[in-house]
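Letter by letter, the chains look like this.
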Amino acid sequence: MLEVQDLDAGYGRAQVLFGVSLSISAGETLALLGRNGMGKTTTVRALMGLLRPWRGAVSFAGTRLAGLPPHRIAQAGLGLVPEGRQVFPTLTVAENLAATARPGPWTRARVLALLPRLAERLSHRGLQLSGGEQQMVAIGRALMTNPRLLILDEATEGLAPLMRAEIFRALAALRAEGQAVLIIDKQVAELRRLADRIAVLEKGRVIWHGRSAEADGVERLLHL
Amino acid sequence: MSVGLLLVQTLNGLELGVLLFLIAAGLTLVFGVMDVVNLAHGVQYMLGAYLAVAFAAATGSFWLAVPLAAAASLLLGAVLERLVFRRLVGADHLDQVLATFGLILLAEEGVKLVWGPAPRSLAIPDLLAGTVPLFGGLRYAVYRLAVLGAGLLVAGLLALLIERTRAGMRLRAGASNAAMLSALGVDVGRLFALVLAAGAMLAGFAGAVAAPIVSVDPGMGGPVLILAFVVIVLGGAGSVRGSFLAALLVGLTDTLGRSLLDAALAGALPPAAARTAGPALASMLIYLLMAAVLAFRPGGLLPARGRA
Ligand SMILES: Nc1ncnc2c1ncn2[C@@H]1O[C@H](COP(=O)(O)OP(=O)(O)OP(=O)(O)O)[C@@H](O)[C@H]1O
Ligand SMILES: [Mg+2]
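Residue numbers (my numbering), protein chains in the order written: chain A, 491 to 714; chain B, 71 to 378.
Hint data in this document are derived by calculation from the structure and do not stem from the laboratory. Quick reminder that beta carbons are idealized off the backbone N, C-alpha and C, glycines included. Among the hints, a few may not be true.
[To be verified] Heads up, incomplete: computed chain B residues facing chain A, CB under 10 angstroms, no partners named: (1) GLU179; (2) LEU183; (3) SER191; (4) MET250; (5) ALA253; (6) LEU254; (7) GLY259; (8) ARG260; (9) PRO368; (10) LEU372.
[Unchecked claim] Chain A regions said to be covered by chain B (calculated; three or more residues, Cβ under 8 angstroms): (11) 500-513; (12) 552-562; (13) 630-639; (14) 678-685.
[Said to hold, decoys possible] Pair by pair, the computed Cβ-Cβ distance ranges are: (15) A:PRO651 / B:MET354: 52 to 62 angstroms; (16) A:HIS614 / B:LEU168: 57 to 67 angstroms; (17) A:SER549 / B:ALA229: 37 to 47 angstroms.
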C-alpha cells in the first residue's frame with residue numbers, strides 16, 4: 491500500500507535521510523526504530539509533505555505522494571499522530587475530533603469506544619488535558635480522518651505506564667481490525683509484540699528490516 | 071462631567087469599538103492563521119466608504135449602497151488574495167510590509183485619481199436621521215445607535231460562525247497550528263483565501279456604515295489601521311473573541327479617556343496648559359493600556375495559541 495523508495499531529505503543544506511526505503515501493506519503494522527536524532531521524525535515529515543523530499547519516490551495505493559502538499563497527502567489516506575501530540579489547544583476535545591473529520595467507518599462513537607477516557611473530557615480544551623489524554627485526542631483526531639494508514643510518531647513518549655498500556659491496548663485493537671499502522675516509539679519490547687515488521691534507522695539509513703519474530707538482534711543495533 | 075455626558079461618551083466609545091472590531095477581525099485571522107502582516111487592511115475600510123458613496127450616488131439608495139459596497143469589498147479581497155497575498159504567505163515580514171504598503175500607496179493614489187483628493191460625505195438615510203432623547207435634556211443620534219447595533223449584530227453572527235461551525239473550528243485550529251491542520255487534510259491556503267476575502271468584506275462594511283459619520287478621504291484608513299493593530303496585539307493575534315474584547319476596550323479608553331482627561335486637567339492645570347496637555351496625553355492612553363495589558367499577559371487577553 492505505501493511504498494517509499496530511496497528517499498533523501500534534510501533541512502537547509504544538511505542531509506538527514508539517505509536513500510530510505512520502506513513498505514507497508516494493507517492491514518500491516520510497521521515499527522520504525524532508531525535512537526534519538528536518527529531521522530525517524532524526518533522520515534514522517536517527508537512522507538506527510540511537511541518537508542519536501544529531495545529525491546526518491548513515495549507512492550500510496552497507486553498515487554504518487556512525493557511533492558504534494560500535506561493536505562493532499564492526508565486526503566490520500568495518511569493519518570498523522572505527530573511527535574509532541576500537537577492537539578489544538580483552544581479547541582475542546584469534541585472540536586479537536588470533529589474539525590478535520592472525514593466520512594468513513596470511524597465516527598466519534600467508535601473513537602470513544604476505543605478510547606473511553608476521552609468521553610469524560612469532551613468539553614475540556616486541549617490545553618487542559620494531561621499528556622496521555624492529549625495523545626488519545628491526537629490518535630482519535632487522526633482516526634476521525636478515516637485514514638488507510640495511521641502514522642504515530644512517538645506513540646507513548648513521556649507517558650505514565652498506565653497510559654502507555656492503555657494506548658498500546660488501543661493500538662492492538664486497531665491492528666486486530668486490520669488498520670495499517672506505521673509506529674515510532676522507544677518501547678522496543680512492546681513494539682516487537684505489536685508490529686508485524688520492524689525497520690531500524692541509523693543516521694538516516696535503514697540498517698535492518700525484517701519480521702518482528704526475527705528481530706532478536708534489534709536491541710543490540712539500538713545499543714540497548 | 072455629568073452622568074448624561076458620560077453615557078454619551080460611553081456610547082461613542084462602544085460605537086468606535088465595534089467599528090474597530092469589524093476591521094480587526096479579518097486582520098487578526100490573517101495574521102494569526104497565516105502569519106501575514108497586512109498593512110493594506112485599512113485600505114479596505116477606506117475603499118468601503120468610497121464604494122458606499124459611489125453606490126449611493128448611482129442607486130440613490132443608502133440601503134442598496136451598503137450591501138453593494140460590502141459585496142464589492144469581498145470581491146476586491148478575493149482578487150487581491152489571488153494577485154498579491156497568496157504570494158506573501160511564508161514570506162518575510164519585511165516583504166509583507168513592503169508589498170502591502172505598496173498596495174496602500176496604489177489605493178490612495180487610485181482613489182485620488184477617480185474621486186479627487188477632497189473629502190466626500192454620505193448622507194444619513196431618512197429612516198435613521200434625527201436624534202433620540204437620553205435624559206437630562208441630552209440627545210443622541212439615531213444613526214450612531216444604528217451603527218452600534220449593526221456592529222454588534224455582525225459581531226454576534228461572526229461569533230456564531232467561529233464558535234459553532236466546522237469552518238470556525240478550523241479557523242481556531244489554524245490560528246494555533248496551521249501546519250498540523252494541513253497535515254490532517256485541510257487546505258489551509260483555501261481557508262486563508264476565504265478569511266482574507268471575508269475580512270476585506272467586514273472592513274469594507276465598516277467603512278460603508280462609517281461613511282455618514284466620518285469624513286471620507288483617501289487617508290482615512292491609516293489611523294484606523296494603527297488602532298486595529300493595537301486591538302489585535304491586545305486581544306491576542308488570531309483570536310476573534312480577544313479582538314472583540316480589545317476593540318471595545320480601546321474604543322472606550324480612547325473616547326472616555328479623552329473626555330475624562332480633559333475634565334480632570336481642566337480642574338488641575340491653568341486652561342492654556344490643559345488645552346495642550348489634554349490631547350497629547352489622551353492619544354497616549356491606548357498605548358499605555360496596551361503596555362499595561364502586555365506586561366501581565368504577554369500573549370494578549372485571549373491568546374489563540376493557548377498559552378503565550
Ligand atoms: N528543523 C530542523 N532543522 C535542522 N535540523 C533538524 C531539524 N529537525 C531535526 N533536525 C536534525 O535531523 C536529524 C534527525 O532528526 P529527527 O527529528 O528526524 O530524529 P528522530 O529520529 O525523530 O529523533 P527522536 O527520537 O529524538 O525524535 C537530527 O540530527 C536533528 O538534529
Ligand atoms: Mg522524532
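Results for each hint:
1. With its C-beta approaching chain A no nearer than about 37 angstroms, GLU179 (chain B) sits outside the 10 angstroms limit, and its interface hint is violated.
2. Proximity of LEU183 (chain B) to chain A is violated relative to the hint, the smallest CB-CB distance being about 40 angstroms (cut-off 10 angstroms).
3. Taken as an interface hint, SER191 (chain B) does not check out: its beta carbon lies about 42 angstroms from the nearest beta carbon of chain A, beyond 10 angstroms.
4. The criterion of a C-beta within 10 angstroms of any C-beta in chain A is met by MET250 (chain B), whose closest approach is roughly 5 angstroms, and the hint holds.
5. For ALA253 (chain B), the suggested interface contact is upheld, since its CB lies about 5 angstroms from the closest CB of chain A, less than 10 angstroms.
6. For LEU254 (chain B), the suggested interface contact is upheld, since its CB lies about 4 angstroms from the closest CB of chain A, less than 10 angstroms.
7. Hint on GLY259 (chain B) holds. Least Cβ distance to chain A is approximately 8 angstroms, under the 10 angstroms limit.
8. Annotation: interface hint on ARG260 (chain B) holds; nearest CB of chain A at approximately 9 angstroms, less than 10 angstroms.
9. Of the supplied interface hints, the one on PRO368 (chain B) is violated, with its beta-carbon coming no nearer than about 16 angstroms to a beta-carbon of chain A, more than 10 angstroms.
10. Given hint, LEU372 (chain B) at the interface with chain A, holds; its Cβ is 8 angstroms from that chain's nearest Cβ, closer than 10 angstroms.
11. Coverage of a stretch by a chain is defined here by at least three residues with a beta carbon nearer than 8 angstroms to that chain's beta carbons; for the region 500-513 of chain A and chain B the count is 0, and the condition is violated.
12. Check result for the region 552-562 of chain A against chain B: holds, 3 residues qualifying (beta carbon to beta carbon below 8 angstroms, three or more required).
13. Only residues whose beta carbon comes within less than 8 angstroms of a beta carbon in chain B count, and the region 630-639 of chain A has 3; three or more means the coverage holds.
14. Counting residues of the region 678-685 of chain A whose CB lies closer than 8 angstroms to any CB of chain B gives 0, which falls below the minimum of 3, so the coverage claim is violated.
15. One distance hint, 52 to 62 angstroms for the beta-carbon pair PRO651 (chain A) and MET354 (chain B), holds here, with the actual separation near 57 angstroms.
16. The given range of 57 to 67 angstroms is broken by HIS614 (chain A) and LEU168 (chain B), whose C-beta atoms sit roughly 43 angstroms from each other.
17. The given range of 37 to 47 angstroms is respected by SER549 (chain A) and ALA229 (chain B), whose C-beta atoms sit roughly 44 angstroms from each other.
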